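Colleague: Letter by letter, the chains look like this.
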Amino acid sequence: MASSPTLTRDNHQQQAPGPGPAARPRRMGRPWALIAACTLIAMILALPLVFLLIEARGSGASTIAHLIFRPLTATLLWNTIRLTVVVTALCAVIGTAAAWCVERTDLPGRRVWAVLLVVPLAIPDFVISFGWASLSTWIQGFRGAVLVMTLAVYPLVYLPVAASLRGADPSQEEVARSLGTGRVRTFIRITLGQARGAILGGCLLVAMVMLAEYGAFEIVGYQTFTTEIFTEIKVAFSLPAACGLSLVLVLLSLVVLGGEGVTRGKGRISRSGALTQRVSPPLRLGRARLPVLAGVVALAALALGVPIAASIYWMTAGLPPAITGVSLLAAAGHTAMYGAAAAALATLMAVPVALLAVRHAGPVRQFLERSTYLVLAMPGVVIALALSYFTERYAAGFGYQTASLLVLAYAIMFFPLALVGVKASLARAPAGLDEVARSLGEPRLAVLCRVTLRLAGPGLVAAFCLVFLSAVTELTATLILIPTGAATLATQFWTYETNLSYGQAAPFALVMIAVAAVPSYVLGRFFDRSADSKVRT
Amino acid sequence: MRVNRWGSVQALAAAALACGLLAGCGGSSTGASGQSITLYSGQHPQTTDKLIAAFEKQTGITVNVRSDDEDVLAAQIVAEGSRSPADVLYTENSPPLQFLQDKGLLAAVKPATLAATPARYSSPRGDWVGISARVSVLIYNPRLIARGQLPSSVLQLADPRYKGKLGLAAGETDFQPIVTSVLRSQGKAATLRWLAGLKANATGHLYPDNETVANDVNRGTAAFGIINQYYWYRMRSEVGAAAMHSKLAYFAPRDPGYVIDVSGAAALKSSAHPAAAQRFLAFLVGQQAQEIIGAHSASYEYPVASGVTSAAAETPLSKLQPNPITVGELGDGSPAVALLRQAGLL
Chain A
418 MASSPTLTRD NHQQQAPGPG PAARPRRMGR PWALIAACTL IAMILALPLV
468 FLLIEARGSG ASTIAHLIFR PLTATLLWNT IRLTVVVTAL CAVIGTAAAW
518 CVERTDLPGR RVWAVLLVVP LAIPDFVISF GWASLSTWIQ GFRGAVLVMT
568 LAVYPLVYLP VAASLRGADP SQEEVARSLG TGRVRTFIRI TLGQARGAIL
618 GGCLLVAMVM LAEYGAFEIV GYQTFTTEIF TEIKVAFSLP AACGLSLVLV
668 LLSLVVLGGE GVTRGKGRIS RSGALTQRVS PPLRLGRARL PVLAGVVALA
718 ALALGVPIAA SIYWMTAGLP PAITGVSLLA AAGHTAMYGA AAAALATLMA
768 VPVALLAVRH AGPVRQFLER STYLVLAMPG VVIALALSYF TERYAAGFGY
818 QTASLLVLAY AIMFFPLALV GVKASLARAP AGLDEVARSL GEPRLAVLCR
868 VTLRLAGPGL VAAFCLVFLS AVTELTATLI LIPTGAATLA TQFWTYETNL
918 SYGQAAPFAL VMIAVAAVPS YVLGRFFDRS ADSKVRT
Chain B
33 MRVNRWGSVQ ALAAAALACG LLAGCGGSST GASGQSITLY SGQHPQTTDK
83 LIAAFEKQTG ITVNVRSDDE DVLAAQIVAE GSRSPADVLY TENSPPLQFL
133 QDKGLLAAVK PATLAATPAR YSSPRGDWVG ISARVSVLIY NPRLIARGQL
183 PSSVLQLADP RYKGKLGLAA GETDFQPIVT SVLRSQGKAA TLRWLAGLKA
233 NATGHLYPDN ETVANDVNRG TAAFGIINQY YWYRMRSEVG AAAMHSKLAY
283 FAPRDPGYVI DVSGAAALKS SAHPAAAQRF LAFLVGQQAQ EIIGAHSASY
333 EYPVASGVTS AAAETPLSKL QPNPITVGEL GDGSPAVALL RQAGLL
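Chains A and B, in that order, give the protein sequences.
Every position in the first sequence, counted from 1, becomes a number in my numbering once 417 is added.
Every position in the second sequence, counted from 1, becomes a number in my numbering once 32 is added.
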């Protein structure tokens, strides 16, 4: 135990392993401000669900029951579940392996990989589909969908796990090794154990994104349950029936949430020793360097290379433009602004919810936090129409089709991504440090900014990047809510692509990829500098 | 030093937020005469771009355009309710207009505007007006199937000899009128059998839209398919005549598959600029706009106003011999959708 109240980098204070925060006497009482903030956020995120219920009621239970209890529905549900399970498992393995290679080994070009491996999330579905479809007809049906979807969404696991591994405490591994545990066992039990929350969080994201996946159908002809939902809107003009079917997806996502909760179990993410600021030394790969590098290169080439090659092919093969549109620069500017604002807003919203879930767990608060994940299971169209509905009917149209509402829509749609990112590193900011800072007289907000958030830095970066990447390609909600006359890269790409003007569409796809890489690079460098300065102890 | 860096991160985040909030600078504008209308367009820009430019030049009224799929636009208008910013809706097919008409959300079109086009191309109740038309045809790849082997009736498409050769976009809104037409002439049971036959023949070649059908037949992935004629002409203008390996063929006269699809527009009852909206509709069926559609754009659709002909090298509208099904009978397509669902194509 330290006699001096100040903690410095050189003071490796091992917090005595003791009872968790739940058992510690709460000197500070209930965190009312936190609970109030989280309730407000949960209510905003519940708006789409309320809309679903209102609309589904308009359709009538018998129509929806008739739609659900058909042989076709059973097939589609089975397709969705199959795809979800397989893609989640693959992404867990690939994402974790890639994150470990980049964060914990001495792989050459780590900074480059850290950016490249994350970008596939920002490639439009159509580009991926065309790229792969023109390669081979083998890429069809279930196996085609698995391949394409895995390569598109593994960053959802990669980012939180990388954030978690980046700052995880090395002393536990050292202790385990010193006790004679083999390397592999140490890796499995300690390293993966520390990153467990992040891995499970990432898998949760992948599973819920796959539940609501529609691109797979257009890409490789693999029909999922979401196909029915879109058919209701597209062809039957029956939004109420579509909403009723969306409720089935919400139910499925509740099952997934329950599964994740059970798998995570009650085990605390271990925090002892997290007061140190040491970064674990990178593992020397030695002879394994070449194969590992080859693996990472293969991943980047498949996930990025194929779509980029397809875009370049279009650009060179394209003919004179048939449609006049918004300039590349204007669209890129809008995309970057909306994306950055949405990422900042979502991360900001995620902090109180993550704090509540990690620090002050209780059944009602857990429920608040879990309820925010449900938006991922709803198609973007439904969320946008929900906001249309509420703004026009209950808010006198205030802010409708303005940038602010669009940014809010993105923040709502991608909030769970930010939440998982923030939670991934929040374990590194134990409550003990906060209490020490408070006892030194710092006001609560300053403690939050200077202590908690700084320690959870990599997680905040992961959250920001995840939301930004997803916002860059967002299309269906954008088309409904974007201010009239404005355009993003995604909407312009869609305008050209649906009108067969591939030559004009390709540059927008390439710029989308370039824009998406920017925050990953900038923020990655920022935190690299912080990490380097920490190592010089 | 670290404090400063975090301070700068916080400043950056705040700036990002502020940027987004201020980014509404791409918003609507008003024109020289101070008036503007908001157009919700489900039509292709090849058709609408020049029309809008000409209208703005002629009247000085600015047109602010929102583009999206016509079905999403219809759902959006319903969700927006009485405060919808939309003044005019311009769609690619008639079912969304019929759908909104049945919900009572459309304003009656001025009789003078309706009189400019033959009555069979506009709403029987007068709530929307037809502006251009397309006809359903067969697109085929001569290298994979000979002209003589093609079916002359859409009903023959279920024939087992076409197995594996047919490319089909069952979810495409252009396909529903054909199903409605077959339903009207053959009855429910026969139509279901026909759809089952189509599904069997199109296994492995089920596509999301007509562009993909046209593209794949041209590439040689599928032997033939059903599309609307203008997709072929647009594809040719996109990829060049040298890259075209497909041709068009018509169904037999008055065949159920030989259907005219009408693209129309309507003014909304909730519109804040009803006079300007009606002016736009009148412009769209006027001589200048119809000639733009027929001759001066990459539209390749048929202008429907009386007395205007298309200059494109395609069979003129007047020479076509389509099935006599009316727009009212095509309706909003719900019976067709129900059958497509029952057959497992949707």
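Honestly, the hints are just simulated from the structure, not real lab data.
A couple of the hints might just be wrong.
SDA-like, lysine to any residue: derived pairs with alpha carbons at most 25 Å apart [said to hold, decoys possible]:
1. B:K82 / A:T901
2. B:K135 / A:T480
3. B:K195 / A:T480
4. B:K142 / B:P156
5. B:K301 / A:T901
6. B:K351 / B:Q320
7. B:K195 / A:A478
8. B:K82 / B:S366
9. B:K220 / A:F559
10. B:K231 / B:K301
11. B:K82 / B:R286
12. B:K231 / B:D248
13. B:K220 / B:S366
14. B:K135 / B:G363
15. B:K135 / A:Q640
16. B:K220 / A:H483
17. B:K82 / A:N916
18. B:K135 / A:G558
19. B:K279 / A:G920
20. B:K231 / A:G920
21. B:K142 / B:K351
22. B:K301 / B:R286
23. B:K82 / B:S338
24. B:K195 / A:N916
25. B:K195 / A:A482
26. B:K301 / A:F807
27. B:K231 / B:A190
Only a predicted model underlies this, so the values are computations on that prediction, with no experimental measurement involved.
Colleague: Keeping to a limit of 25 Å between CA atoms, is the pair of B:K195 and A:T480 held or broken?
Modeller: violated (34 Å)
Colleague: Just to be careful, I want the Cα atoms of B:K82 and B:S366 compared with a cutoff of 25 Å; is the pair within it?
Modeller: violated (33 Å)
Colleague: Regarding the pair B:K231 and B:A190, is the alpha-carbon distance no greater than 25 Å?
Modeller: holds (8 Å)
Colleague: Can you confirm whether the C-alpha distance between B:K301 and B:R286 stays at or below 25 Å?
Modeller: violated (37 Å)
Colleague: For a C-alpha distance cap of 25 Å, please report whether B:K142 and B:K351 respect it.
Modeller: Violated. B:K142 to B:K351 sits at ~29 Å, over the 25 Å cutoff.
Colleague: Verify the proposed pairing of B:K195 with A:A478, using a straight-line Cα cut of 25 Å.
Modeller: Cα-Cα ~39 Å, so violated.
Colleague: Is the straight-line distance between the alpha-carbon of B:K220 and that of B:S366 25 Å or less?
Modeller: holds (13 Å)
Colleague: Given the hint that B:K301 pairs with A:T901, test it: the Cα-Cα distance must not exceed 25 Å.
Modeller: holds (20 Å)
Colleague: Has the given pair, B:K135 with B:G363, been kept, meaning a C-alpha gap of at most 25 Å?
Modeller: holds (13 Å)
Colleague: Is the straight-line distance between the alpha-carbon of B:K231 and that of B:D248 25 Å or less?
Modeller: Holds, at about 17 Å.
Colleague: Run the distance test for B:K142 versus B:P156: straight-line Cα separation, threshold 25 Å.
Modeller: holds (13 Å)
Colleague: Is it true that the CA of B:K231 sits at most 25 Å from the CA of B:K301?
Modeller: Judged against 25 Å, a Cα distance of about 41 Å means the pair is violated.
Consistency note: the structure conflicts with the earlier hints numbered 3, 7, 8, 9, 10, 11, 15, 18, 20, 21, 22, 24 and 25.
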